[in-house]
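Participant: Using the hints, build the complex out of the two chains.
Heads up: the sequence lines are chains A and B, in that order.
Residue numbers for the first sequence follow the numbering used here, so the first one is 27 and each next one is one higher.
Residue numbers for the second sequence follow the numbering used here, so the first one is -2 and each next one is one higher.
Watch out, some of these pointers could steer you wrong.
With a cut-off of at most 25 Å between alpha-carbon atoms, the simulated SDA-like pairs for lysine to any residue come out as follows [to be verified]:
#1 A:K89 to B:A757
#2 B:K412 to B:P426
#3 A:K250 to B:A886
#4 A:K107 to B:P426
#5 B:K420 to A:E419
#6 B:K512 to B:L526
#7 B:K420 to A:E92
#8 A:K89 to B:A986
#9 B:K639 to B:P83
#10 A:K410 to B:A159
#11 A:K250 to B:H614
#12 A:K89 to B:R978
#13 A:K514 to B:R189
#14 A:K162 to A:R109
#15 B:K294 to B:L633
#16 A:K250 to B:S835
#17 B:K818 to B:S851
Don't read these hints as lab results, they were simulated from the structure.
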Amino acid sequence: MTASSSPSVACIYLPALPLQALLIQHPQWRARPVVVVHDDRPLARVAWANPAARKSRISEGMKLSEAQALSPTLYARSVPKERVTTLAQTISQTLQALSPRIEIDRQHHGTFWASLEGLHRLYADHRTWAQAALRKLRALKLKGTIAVGFRAHHLYPISRVTRGIFLSSNEAHETQLAHGIPLRHLDLPDRSLAALARLNIHTVGRLLQLPFSDVALRYGDELKATHLFLSGCTPQTAERPKPRTDPDIETDIDPPDATTSRLLFCLRRMLHPLQASLRTRGLSIARIDLCFILVDQPPHSESITPSAPTLDTAQLVELLRLRLDRVRLSSPVRRMILQTETVPAHAAQLSLIDMHPQQSEAALARAIARVRAAFGETAVCCAKLQAGHLPEERFRWEKEKALTRPRPPAAPTPLLVRRFYSCPVPLRSSFQHREGHRLQPPNPSLQNFGPYVLDGGWWHQPFQRAYFYAETHTRQILWIYYDQLASKWSIHGRIE
Amino acid sequence: MDASNSSEIYAPLWVKSNFSFLEGASHPEELIERAHALSLPAIALTDREGLYGIVQAHTKAKELGIKLIIGSQIDIVSSPDQPPSPLILLVRNRAGYQNLCRLISDRKRHTQRPAPHPPLETLASYARGIICLSPTPNHLVQLREIFPDTLYALIARHRHDAEQEPSHHLRATADRLSIPLIGSNEVLYHDRLRRPLQDTLTCIRHGVDILNATPYLRPNSEHDLRPSHEMYRLFSDHPEMLHRSNEVAQRCTFSLSELSYRYPTQDRPDGLCESDWLRALTYEGAKRHYPDGLTSKTRRQIERELSLIHELDYGGYFLTMWEIVQFCRRQNIFCQGRGSAANSIVCYCLGITAVDPIRLDLLFERFISKERSEPPDIDLDIEHERREEVIQWVYDRYGRDHAAMVANVVRYRAKAAARDIGKALCIPPAALDRASKLLGSRFASPGRELLTQCGLDPDTPRHGQYLKLVDEIQDFPRHLSIHPGGFLLGHDPVHSIVPIEPASMPGRTIIQWDKYSVEAMGLFKVDLLGLGALTHIHKSLDLLRQHHGLSLELTTVPHEDPPTYEMISRGDTVGVFQIESRAQMSMLPRLRPRTYYDLVVQVAIVRPGPIQGNMVHPYLQRRTEAEPPQYPHPRLEPVLAKTLGVPIFQEQVMKIAMLVGGYSPGEADQLRRDMAAWKFTGRIERHHDKLVSRMIDNGLAPEFAEKVFSQIRGFGEYGFPESHAASFALLAYITAYLRCHYPAAFACALLNSLPMGFYAPATIVEDIKRRGVSIRPIDVCRSDWDCTLEVDHKEPSIRMGMRYVSGLSDRDRKALAHTPKDVTTLQQFVRSSQLPLSSLQRIAEAGGFDPLVSNRRRALWLLNELTAARSDPLPLSWSPASKQQSLFAPLDQSEAIFWDHQASRHSTRGHPLAQFRFLLSRQSCHSADALNRLRDGKKAKYVGVVICRQQPGTATGVTFCTLEDETGLVNLVLWRNVYDRFSVIVRTASILGVSGTIQAEAGVVHLIAQRLWRPQLTDT
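The following block holds chain B by itself, in its conformation from the complex (with noise of 0.2 Å):
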């Protein structure tokens, strides 16, 4: 192109990327890329109804230097029976862009789906400062009314002859009205190659397939971004037109750069101003976690961490914080700081945050840092069960137009890609629906072979297109939902911000940026998220109050209790938060953790990213003291000398980076940022040169140096922060305590905060009892909807509660509650109850009416009779025949356990094995309990139920299955020849017999599978 000739130069003012979802096809930054390698002034970004993609084209266009002109397309209707016609606004200057978001947020929360646009008379509100393009004639007196003197009549040319009649009606009205003409395309992919991508989307989005899609396709590929001689070609007979588009682009001025945030002023005592309040907080707290009084360490920190929160003007977010702790604490909601916040003594003081840094040694830059000036995070986890109440609070204390919550753009991943451009290219469901499972397992991305175990043809032109097509799609934005927690708050409306729309969730509202375009504006996030174990240690702690008048909080669980430690060395750790997974629990008796640091490092250790970056073994080598603690430099002795040498954290690497790696503060933060990313952009090499040469020039070995970059490599996103950690360990070593000591209550808390954890409620009923807890089935008399305890003797026993009856819904749990429970028949429970048949059929199937009918074949049998007689007002006297007494035989043991689990996934009468050990016994089969007693290399034969199968990402294809019995568990390992041997079994069975051999190291015990088999448990 002739781009020296400064007059053939135009700029593209209706511009798609793929944040007008499922139409444009060309992320933001390609838009920018591929206008600024055309030498183009400036381009407009225009998304649908909307600016999701704003901030990524703006630091993109930052970065190349071309301006970005902000605006959005929004359709107008006159009648419900006409098409919607669009406009193009486009934003002049701040005012223009505070109207564009106020506009766009009032048509979303006016609009209901199917979506009736609001009148055109609406627009007049909102019109200063913006820029109106009409590329249609419709409405163009009202909206020359509306934009005086910044409307334009769009002329668009894409060589389609049906657009030259309206084209011709849009110039003849516009001359008739004075309307200055400009010209612009409307661009929907930066380059024509991406057509076929775009005819996709278009199929995705109407729910057809490419065969019937011609309706909705555009009938070219005219709608790339086109360099400015082919636009003036375009236009040579009114260049001026496209003139006009660069007039345009000056007119509009306004930069994401100039928006300025402000966060929400706190009601402050008189007096106070929000440093000094956040000051005198902060000591009153400290009081009372120091009660003997601040050592000058602990008050050097607290005055250097206030110091630079009023420097930065940080204090409004912190008091935000604790407003809601506070709200928490009222509420009886328990609640706990995770993540980098509990890197701050001040955190600490105001009860954000559970762990003393000070005591902890944690390194505060990690959460916040001055040279990178952003905003710090704090994580806050709240109850599960209550999250929602503490954030409806948020939004009745800031109000609706000041609290928002923070977008999360789903994009298309492998599996939804293969899925939904299998659809519209029309290839089977059936083989579609394969694809995506085996790219969740056995392939990463798809390929010709995995069109091959699909049983379709990768030399087919369709299916070669499927393949491109499925690769480009990737992370593209799909459609919008809610961020698990995060909250934008401001002191001006949010919606002059950022446009605000309603979540699919009744009560909440969403901003129209995700956190990553939150963070990249430096504007601050609140997360409230939800956690299970703080539900379970609440109601745990509720049932010691009620049932043993013991009034423990979370902070008044005595600390490092002995016995709980040798539980937690045991690995006898089910429902334990953190250390009960296969994993954990297979490392507990080799870590052996001692104290609440060993808990930290227990947490951290047994993760993706210490595990691939070889850390594992050469920590447990230095706790079992086979080999001393190394120290590659003497300057790193004080780092890692609390995890024997091993980096196990992020802290640790960036103080490495920091101590011999020249780095500072801000720059080992960047470090952790792109230890994070690499996997995905590779940014973490840019590092390498800078700390390896770095480290050298300090006195390390070359070798080491470079070792140490592996590890950071390795770590990758995987390795969680100390302060993380610590948190989250102070929650395991609570809920392993209550287990420890109340583990009647403790077991009886988890059944009633499920689902939560690992494990299924068959396991957790079985581990239980074999800890010697009494659980009594469900009984309609006496069960309420939750599990309760009942003390009849010394020691209380676990009633299971209806909620186990599988298919009872929140109706039938209100039925419940108004149903009398002192009913001595069916007859009577089935009258005084509403519940439909359904529901008391599956309580008869669970066992729930066995006080009143022994014979749960019976029960079921009776209920039609009953439920079909309930509305006789004047029943008779109801005697059912004697001859069906004596139809149905009495359900055995086995048949009352296995009913028990199809009904109510557990059974409190015994486990499913336990009939079978004496015909076990005779075919030489061991139960767990004597397995795990069983010598290395020694030979076994085990029958078990299987409760879990796995195989993690780091085992490189080893698959790791847990089995039960009614003694206990088994850690089964199977190598990858035997898995593919025997590959239906393993998937498929769910008791499984297992010869192998017996794998035993420091406690640890693992069965190695040489074979499987389908157990006969028939004695024939």
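Just chain A, with the same shape it has in the complex (with noise of 0.2 Å):
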């Protein structure tokens, strides 16, 4: 491998890569036909097919239905973006062992780029190089194709028709080659691909002898993008993975201490110098993750949230606080890692003097951070109503970023408030049913009201409940419930 004069970069293309995540996710369909969609509807178009469905003569861009109907035992799935972006992360990351610099290829799929320049001191050859990246790929288990050449736009479409390893002898060469490479290797649009058929340009080289101003005037965005970068007027365009913005900061506790007060200290000592260099980058702190490294147990882990973003080093130390007088730890801790979620922050927050927010709904939603920090995340929740068919799924519980001041309805208060039971309890008398289609409720000598009959759940989980709001010898109205399926009594709330 020589440093002048030799190709320095190589296109690394993964084939179909959400198909290949998918078979990734279930390795026991590779022999079976399968088949990716963009949605899962009858009409959406087959985007990628794997060789045993391609037997049966699917083939890209055919619909759902036609695909299956040619395979009744065909397998379709759509792949979630994420899924192909994490894989393509995971990837970037694998390939970064072998080059400093990878990039990935976000405006053609599968596709990645390699910089070799200054890797012939660690490698013989680029065969051997690109041999190496394969191996990374086969280790989990994609397969790919690997150009090293001289020009990315060369590259690019040569990677396409590749099997295993191309290497660029010459420059010239390279260009002939990719100049007679078919279009539809590419990641063309079809309408575009058939446009360009229609008029007999099958190949590279033919697209890229149409006037680029015609090109431009005649065929979309992407025709134009294609024929720019195929004739290497702009680099691909690829991006870094991001670095991440907040590291992890650690420090070790010697002798290791379970002593809450000390191990504030410690944090407190953590927290001073992050704050200050928040700060210069213009950041807050909107959640703290506290990790304890234990002598001999597991670690322990811990989670704060201020009531807004914040760089106020006395609020979140009295947060983390009364979140370590709470914790038990079962022994001493030898090692603190905290790692913060970091936005950007206020202006006010940056200013030199801290503002204190003097507003009550802040007051109030510093008191709901301190409750969580004390009793748990799940502490404070609100109930938000939904459609439900039984009176319990009626309403959920979910937590509140934010608190809005309440605005009730103007309609007059009730009279009477029914209060639910979280869990229904079993009535422990001995009322009985008894006719099956004659409802008693359990006290039939006091006042009852009912039954009101709630069924359904046919498609899930059948429930049948006869309802009564029943009078107690105390004068206690409950709201009571004869489940049908289950045959037996229980309270479901009580009215005030």
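Facilitator: What follows is the structure, encoded as structure tokens:
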């Protein structure tokens, strides 16, 4: 591998990356016909098909319903973009072991770029490097091709038709090869491909013969961008993975200790320089994740969320104190790792003088943050109404990030309030359900209202309840029901 | 229940069937049966905003002897932001029924979608004869003014706590206003087992799945039709409310049987009654049809028919049909009666039908029967492109109040059920799509295997529910559409009989009943149907007049022309009405029609009925004199002589039943009707014992009696009546005559009448080229929108029309009409036409600009610039860069043909396979022409374009394909094992290679496939 006048770029292409991602998730499907579709609709088009599917004459661009007609046992799934992005990042990180500069090409799917500059001391030649890269991909259960050469805009089409590894010997040959490659192998929209095919334009070279201005006039931005790229007028669009902006801060506790005050003292010492650093970068803390490395015990983690992103160390330490007061560590802490989640700071937070908000809503929010710090993140929740068949399904508990001032309806306050039990309480009386079709409330001697029947859920979990409002000897009104499927009475709430 | 306790009975007054579309979960009949089983004295049917299902309910109620109260639920809103309040309106008497029909019609007429409901005040003018039940306290004060002594407050108890407060409010308001209270629940299904189906229908109606449907679902299953004792327990605190329901039931005395119907009276010449005028018109027509005078038999038949028509008071109906036919004649619209009307000599004389029933000895009882006292049914075929003119004339002639089209109730069948239920139950859409497709082909009904094929686990409870619900929803009404051509006409406004509503098609109104309800109520229906063949014939005759100076009419086409029959006997019938299908073409060389009646038999015999009844083979044997005609009984010889002892027509079955089964004409007609419905109801079996025993008593051998009955059973609904076959055979003969003698005009008219018939334009073009007619390509300087005939020398040529450029719209048609044809450059054309770029590109791809720019690729490239420069008022002289001219290679022959097919579904330049003939010959592949001359049993290889694939239900798994090359058509037969082995190729290949064996019999050649392959069309 020589340092000068040699190929310096590698294009790594992983064909049908979403399909490969799917087969990594379901390795048992590899021998069966599998396609990836954009979404699970009968009219969705097949985006990628594996060889077994191709054997059944299924091809990309075909409607899913047509594909299923050709292969009744076809597995068809859509793959979320996030999964493909995660896999691309994994690939990028893996290949970084071979080259310091690996870039994910966001414009062309399944494409990665590697700079081979300066690697001649590590690898005997480019083939050795490429073989090592393919081994890395195989270890991830991925298949790919690598084209090593002089110009990225040539390597991009070449990588599409290469099997295994392509090494360019000279630039002229590389150009000739690239220009002969059929356009159908590139990521061009079907409509553009069809329009070009009608003009007998089937290869990269023929496309580049068309004047750029005419292409721009006739065929939208996508073909214009491709034309520009293939003619070498723009560099490949790639980007480096973003570095982490908030690195972990670690400190050793020596000797190991479980005392809250000492741990807090250490935390305060960790927070002060962090605060200064964040202030200069225009950031504030939205969340703190703590990890305590314990002696001979598994690590213990805690999270703290302030009422609003802040750089107020006193407020953060107070929240940490409240949390640590209720934590019982099983052994002394030998190391603490503090990780922060940061957001751009409000101007007031960056001012030299800390501005303490004075509104009561802000104070309320801080108080709730303190309660959550003391009793856990789910200690304060709000009830949200929702559609539900059963009474207990008609609301849910949600943790609200920002509290809003309540706006009660203008209707008059109801005279009676029905309080739900979070779990219905079995009625331990000996009242029996006498006749299947004739409900008797638990105590017929007192006043009862009902039954009010609720049934349904046949599509999931059938239920059949007969509700009563029953008055007890103590004049208490209970809200009870008879579960006709389980044959038992329960108290579901009381009326106040 | 304690049914005997007469004080504890009630009448359900708020009952919705599945004709409250996608809400009620029981058929009207089920509700009536259940009410009868519960010994309820009466039941109301109050579907939402309509009387769609009352005929079914009335019929069932009459059968079971239970009182049916007719009503409807209508929704009233006082302001747009308020939810509608339902009102239940019950009919007390005839005036009330008329008012309810009028109210619903008016609401539907003024209702836009989404519906802003009309205000409450509008009710006042419809209140007479109606009882109003209000289940909500809203509007009670106003309603008391509108319905002073017929308003009730309806207390419903569905055991739902949310209804308590409104109920208390309703009671308090009603007490304050002295409005009587009545107890009744809202019934949505006859049995609570239908609750899941009701929930699912709710999901479908609101377009949500079951997991998100809670706001729309009923909270419990308390909406079933309940026995009296349960209702009295529910209303134990106020039993008088239920007693009052009986009181209301007694106040409602109207029955549908009271409906009287009068056919519209015709405007008659002075001094003539309806019968006399019909008689005069009939004899006037008879003079034209029988110029040599009437035979006694003909006169007897005319008198017999006129007498029956007079007796049954059907004269007005015949005069209406005569009027419509006269209108068509005046407007030069071709029309012809079909079906059983052709059995009537009165229809023939009035010009409604074109078949002489005396000459063909047709059975009049098939048309009108005194015993069955049902109105006759005349179906009139009209040129399909001009049918709307006739429909609008009928509206104008009788008025919108007196004429409305019959509805067609679209019901759930397996496919739609699988799709809609699946969506509601959150089954993945791709699996549903597959299920609905498989239901159409491999599975008749949903089951576990179907689920497995769709990738669904049949053991999952929800999938089990899915199967059950798909089964239950079958035959449920989904929505209304328009009957293909049925009109209901009335002397009194139609909306006094049945509500009318606007159809989705502009300018059409429909009644709320379908044709079965119309028939059940004994109403007259006029059927105006569209027929492409009449359009085809009309256009052909116009071309003959224009280019050959030949003035032919439907009636003046020369009869019994030998060359025409010779062509038909060869199976050379592409484009000929009724006898152009693959099956018909295969049969023609065996049957070898020589007369018109042979064609009648030909049209009728290639039908599932005769095929399944095993009648085809015996007939062919006797036709070819391989065996003599046999008659099971001497009395049947006159009936079966025309068809050589084999019953082929429905009329023959009826005559057999009458002659040897002792059936009266009316019974025989009932047998025919039951034959048509046996698959669904098994009603044909009711005739078995009666018919077989009577035949045996009349001297037929028991085995023959059974055989006749099995033939009747096999006939099913698929057999043609002889009269119908005779009408169609007439059109078949005319189109065949035109094809034989004037192939250019025939093909040109056919191409201008598509879509219709069996074949794609490419097949028609190739066929006509093989007949020696020159076909010229699309050319913007010469083509009209339609195909035209160009007569340069002796023989006319066909110029393909712009209509064949795929993707051109009606707007493009108008733009082309205003574009001059005398342009010399592409630039001129683009500037003078207002066609959008996409349309210009399509024309370029189809070769329409070839005379202006010979290279289609270059034309395509230039169009962008030219359309961009079109807005420039002073364009510079335009000369494309010379570099661009060399950029695009011109199309070679195969590319040009391919582009033609892509852009215009045909090519005049050649057949796609013609250029590969040499190559295919080297691969030992025969041409179609050569293959059709091979001997029986010979091995052969063939490559052709697939133009048709068929798996007929009667062929037990055999697949038939028709392949084509530049020399002709080849019939391919695939046995099931071959199909299964090569199914992917069969379904996907557009050009197919076949190795197989020739089966040649009586001039019919089939290639029996043994191996299929994708042909290599490159010389490697």
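Participant: Are the Cα positions of A:K250 and B:S835 separated by 25 Å at most?
Facilitator: 20 Å, holds
Participant: Verify the proposed pairing of A:K89 with B:A757, using a straight-line Cα cut of 25 Å.
Facilitator: It holds: about 24 Å lies between the C-alpha atoms, which stays within 25 Å.
Participant: Take the C-alpha atoms of A:K410 and B:A159, compute the straight-line distance between them, and say whether it is at most 25 Å.
Facilitator: 20 Å, holds
Participant: Starting from A:K89, check that the Cα of B:R978 is at most 25 Å away, please.
Facilitator: 24 Å, holds
Participant: Holds or violated: A:K107 and B:P426, Cα atoms, limit 25 Å.
Facilitator: Roughly 21 Å between the alpha carbons, so the hint for A:K107 and B:P426 holds.
Participant: Please verify whether B:K294 and B:L633 have alpha carbons no more than 25 Å apart.
Facilitator: Given that 25 Å is the threshold and the Cα spacing comes to 21 Å, the pair holds.
Participant: Given the hint that A:K162 pairs with A:R109, does the C-alpha gap stay at or below 25 Å?
Facilitator: Holds, at about 19 Å.
Participant: Given the hinted pair A:K250 and B:A886, is their Cα-Cα distance within 25 Å?
Facilitator: 23 Å, holds
Participant: Taking only the CA atoms, is the gap from B:K512 to B:L526 under or equal to 25 Å?
Facilitator: 14 Å, holds
Participant: Taking only the CA atoms, is the gap from B:K639 to B:P83 under or equal to 25 Å?
Facilitator: Cα-Cα ~63 Å, so violated.
Participant: Assess, step by step, whether the Cα of A:K89 is no farther than 25 Å from the Cα of B:A986, and give holds or violated.
Facilitator: 16 Å, holds
Participant: Is the straight-line distance between the alpha-carbon of B:K420 and that of A:E419 25 Å or less?
Facilitator: 23 Å, holds
Hint check: violations occur at hints 9 and 11; the rest are consistent with the structure.
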